[in-house]
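Can you make the complete structure from the sequences, with help from the hints?
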Amino acid sequence: MNDFWKAAVAEHHHRLVLSLLATGLRLDEARDVAQEAWLRVMEAAAAGRLDRIELPGLVLRQASFIVTDRLRARRLRDHAPMGAAEDIEASDSSEHATSASKLLDLLDAGLANATPRERLVLRSTLERPDERHDSLAADAGLSVQRFRQVLCSVRAKLRRVLEGT
1006 MNDFWKAAVA EHHHRLVLSL LATGLRLDEA RDVAQEAWLR VMEAAAAGRL
1056 DRIELPGLVL RQASFIVTDR LRARRLRDHA PMGAAEDIEA SDSSEHATSA
1106 SKLLDLLDAG LANATPRERL VLRSTLERPD ERHDSLAADA GLSVQRFRQV
1156 LCSVRAKLRR VLEGT
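The sequence shown begins at 1006 in my numbering and counts up one residue at a time.
No incorrect hints appear here.
Distance ranges between label pairs, derived from CB positions: (1) Pro-1121 / Glu-1168: 22 to 30 angstroms; (2) Arg-1054 / Asp-1008: 20 to 28 angstroms; (3) Cys-1157 / Asp-1113: 18 to 26 angstroms.
The hints are simulated quantities; they were obtained by calculation from the structure and are not laboratory data. Cβ coordinates follow ideal geometry from the N, Cα and C atoms, glycine included.
Written as structure tokens, this is what we have:
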């Protein structure tokens, strides 16, 4: 660690830990997050990914990202504990197949009432879900606004069909 970072940590570390304690973290968690935040900022600076270094703001923001990530991970773990899937009884596969078949029939009926353009727009979004709407709209020969209007329209038709069950 060079002299700049030693001085920065000495000057701002206490404030960082206090701000993390104010968010409700325990002292050990706050110290751990602070250390990780400093490490990430130092690594980003060493890799040349930072245009400017404004302390303590930069390290405070990095720490808030770390806290957010940890809370999200904790919620995911708490939401679905290990082994919970094993406790769920398997449903009758023929019952599942029947309900899936009914659902597909309903969707087919809903798409039968859709215009060719609506089917084209829906198919393009389903086939390429990660593609941006402007790219999909250009491929369909539509403006982005019209593409989204058509997509909303066909989704609304399908929702109405599904809600009718």
